[in-house]
Amino acid sequence: MLAVSSGGGHWEELMLLRPALAAFDPEFASTNSELAQRDGVARFHLLPDANRDGPRQALRCFLASIRLVRRLRPDMVVTTGALPGLFCLITARLLGARTIWIDSIANSDQPSLSGQCARPFANHWFTQWQHLAGPRRRYDGALL
Amino acid sequence: MILLTVGTQLPFDRFVRIVDRLAPQLDEPVFAQIGHGRYRPENMAWQAFIGPIEFERLIGECSYIVSHAGIGTMVMAQKHRKPMILFPRRAELEEHRNDHQLATVRALDGRPGIRIAYDEAGLASLIADPQPDPPAVDRLPERDRLRHAIADLLVAEQHRRIGS
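Chains Z and G, in that order, give the protein sequences. Take the first sequence: its position 84, counted from the start at 1, is 84 in the working numbering, and no numbers get skipped. Take the second sequence: its position 87, counted from the start at 1, is 87 in the working numbering, and no numbers get skipped.
To be clear, the hints were calculated from the coordinates, so they are not data collected in a lab. There could be a bad hint or two in this list.
[What the hints assert, rightly or not] For the chain G half of the interface with chain Z, some residues (derived, Cβ under 10 Å), not all of them: (1) E61; (2) L140; (3) D144.
[Unchecked claim] If you want the footprint, here are the derived chain Z segments under chain G, 3+ residues with CB under 8 Å: (4) 3 to 13; (5) 34 to 47; (6) 73 to 81; (7) 91 to 105; (8) 124 to 132.
[To be verified] Have a look at the derived ranges for each label pair, beta carbon to beta carbon: (9) G:D109 with Z:R70: 41 to 47 Å; (10) Z:R119 with G:R21: 28 to 34 Å; (11) G:E94 with Z:A42: 38 to 44 Å; (12) Z:A22 with G:I162: 17 to 23 Å; (13) G:P112 with Z:R18: 22 to 28 Å; (14) G:P130 with Z:R70: 48 to 54 Å; (15) G:G51 with Z:P135: 20 to 26 Å.
Here a beta-carbon is modelled for each residue, glycine too, at the ideal position from N, C-alpha and C.
Model the full structure from these sequences, guided by the hints.
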């Protein structure tokens, strides 16, 4: 299993989810290796940071995500977003993995843009707000 | 010490300026993490970026947090039981790509330890009136629920894979 997110809040949410993943012995990937150090994550892979305001950075992150997923060949990918999670999720799904997207709790008025892009590639798609639940948009609790 | 943080992604000079103006009247010194902002505080010690390990240490040490409405800081504040004053970024002032921080604070308003300011006057009145530490949250039913849902889903996916 690969559990991936960008740094900051997305990583904090992934760490809150960690007890649910523990039995599956996940490898983690994110954009700041000091976060892995802080949280005692040993099996960690670094990805370049990216957001949608920097197309060159985003391309670098996409290519690195493809390389990582091709190397690890996970059966499962779990992500709390944003762009690095999206890139890994798409690549993994195209290579036959099963994928879970958990949209950040920061998106309380509408699903995130990266979450919307992830929908066609996600086997399971979770929102953390009851009022955003809908067809193929499951609400089953929230991390904060 | 009062900890001010704007996160690492985007500048938030309007917020830093307001807190810098209020700082001399406060009972405690403010330490500011100002990110990519251009404004240099005059009445607060500051640093542009702080690594996650040092940042968590500061959260543990501070008496309360004044922050943009970023989830990372909220998770840390809850973990260390620190009261927070949240000041959401506004898209119309080009402080974020959209108004999700405004929606987030409206959804979180009223939770223990969280107060929200929408402008300078609101921030001035909240910051002058510190609150006690919020009670410890050992269990959050909705958090447990999502963890169980994901764990069950992963088991089902594993069975599906072994079965196929």
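Of all the hints numbered above, which does this structure not satisfy? Sort the numbers upward.
1, 10 and 15
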